[in-house]
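Take a look at the letters that make up each chain.
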Amino acid sequence: MAWTREDMAARAARELRDGFYVNLGIGIPTLVANYIPEGMHVTLQSENGMLGMGPFPYEGEEDADLINAGKQTITELDSSSYFSSADSFAMIRGGHIALSILGGMQVAENGDLANWMVPGKMVKGMGGAMDLVAGVKRVVVVMDHCEKTGAPKLLHRCNLPLTGAGVVDLLITELGVFEINRGKTPVRLIELAPGVTVDEVKSKTEAAFEVAV
Amino acid sequence: MADKVRENAVEALSGLLFDGMTIMAGGFGLCGIPENLIAAIRESGVKDLTVVSNNCGIDGFGLGILLENRQIKKMISSYVGENKLFEQLYLSGELELEFNPQGTLAERIRAGGAGIPAFFTRTGVGTLVAEGKEVREFDGELYVMERGLVADLSIVKAWKADAEGNQVFRKTARNYNPMMATAGKATVVEVEQLAAIGDLDKDNIHTPGIFVDRIVKGAVYEKRIERVTTRTKEAA
Chain A
547 MAWTREDMAA RAARELRDGF YVNLGIGIPT LVANYIPEGM HVTLQSENGM LGMGPFPYEG
607 EEDADLINAG KQTITELDSS SYFSSADSFA MIRGGHIALS ILGGMQVAEN GDLANWMVPG
667 KMVKGMGGAM DLVAGVKRVV VVMDHCEKTG APKLLHRCNL PLTGAGVVDL LITELGVFEI
727 NRGKTPVRLI ELAPGVTVDE VKSKTEAAFE VAV
Chain B
79 MADKVRENAV EALSGLLFDG MTIMAGGFGL CGIPENLIAA IRESGVKDLT VVSNNCGIDG
139 FGLGILLENR QIKKMISSYV GENKLFEQLY LSGELELEFN PQGTLAERIR AGGAGIPAFF
199 TRTGVGTLVA EGKEVREFDG ELYVMERGLV ADLSIVKAWK ADAEGNQVFR KTARNYNPMM
259 ATAGKATVVE VEQLAAIGDL DKDNIHTPGI FVDRIVKGAV YEKRIERVTT RTKEAA
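Chains A and B supply the protein sequences, listed in that same order. For the record, in the first sequence the residue sitting at position 152 is 698 according to my numbering, with numbers rising by one throughout. For the record, in the second sequence the residue sitting at position 62 is 140 according to my numbering, with numbers rising by one throughout.
Be aware that one or more of the hints could be misleading.
Unchecked claim - One-sided and incomplete, this derived list gives chain A residues near chain B with beta-carbon spacing under 7 Å: (1) 619; (2) 674; (3) 696; (4) 748.
Everything labelled a hint here was simulated from the structure, so no lab data went into it. Just so you know, even glycine gets a beta-carbon here, dropped at the ideal spot from N, CA and C.
All chains, please: the whole structure from these sequences, using the hints.
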């Protein structure tokens, strides 16, 4: 049984540490907020200008002036603060955020990440992803292991335009966890989802990897 | 004191608009957008605009209404995914588009307003964003040079301002507004509340009035929400 989206989010949450300032991307990464361990203090940054993101508001209590980077209504905490986009990216670019968890289209052995553009299709833009991978201390990518067509997404080299070169530290897919280490060392498969075999992972992966499970 | 306060959005923009100009518009999604000034720009019919804004509104609201009226020639943005008309105009070649990483866009505006013509950032090194730009090594790391950005006009949305133009923003509606206020050759601010001189806490002004030429209290605020997301109250 490969991991579900919730399982992947829960696995990503194990990368959190007490005291971390963290930026969570859209999609599965957003779900990571539901798995912060009891008693651990983690501050969520929203790159549109907030530290200390709270949960979604109760119905009828939405505030048009209070949204996250996915443009969803959210709430504040007693410890929250607000700031401009320039200050927000000073935090990100300046290395003050400990961990970024974001989605991906392709990850390569050399730590490259592609997650913003498919040539020939309408491109929506990179938003804050390029800044996050360039500036945050540790970058964790959570993505499906293969395309819907079955084509692998963990590759020797990305063939889509890059979001960042040599930026990925860890990759979590429904099949397992890979240490990428920004391409500085060979890729290592360090965990398998329950019921998944190394052979299955190999058959669905283009990148070379060492097995360390 | 020169009187910066104007009666309405049309007057606030009077004499400042011309075809082919560059306009910076504050806001992130629909949050913190100068909706009254955008409506007045639509009414003016000014065209061939280059608009610098993180996004381009949605169909029928925000900067989307300038797209409908074919007033925008080029957008400089970080993300434009929320707008069907945008996609049509872009794919048919009627609209130019320059993508900037969000933090690079914010810093280009901050730098422009601060008199800094260029800066180096790690963001975008090794990607399409760095193509054609100077890349330089500092302390063993590669950085790409990005230019400061200024505009003919900045339209800004603050929560409150006084007649001097001292501004206070509210929650995440702040976003690009403070930097854009500094980077316009002319800056017009619209507010929900016009505060009396002396009523704002001087230690808590987010953007001082020096950056502001004109101020207008918005006639109506729709403040639409792009994605209402709620949780249900658990039974007590």
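When the least beta-carbon distance from residue 748/A to chain B is tested against 7 Å, hint result:
Status violated, d = 28 Å.
Chain B contact restraint for residue 696/A - C-beta distance below 7 Å
26 Å, violated
When the least beta-carbon distance from residue 674/A to chain B is tested against 7 Å, hint result:
4 Å, holds
When the least beta-carbon distance from residue 619/A to chain B is tested against 7 Å, hint result:
5 Å, holds
Consistency with the previously given hints fails for numbers 3, 4, ordered from lowest to highest.
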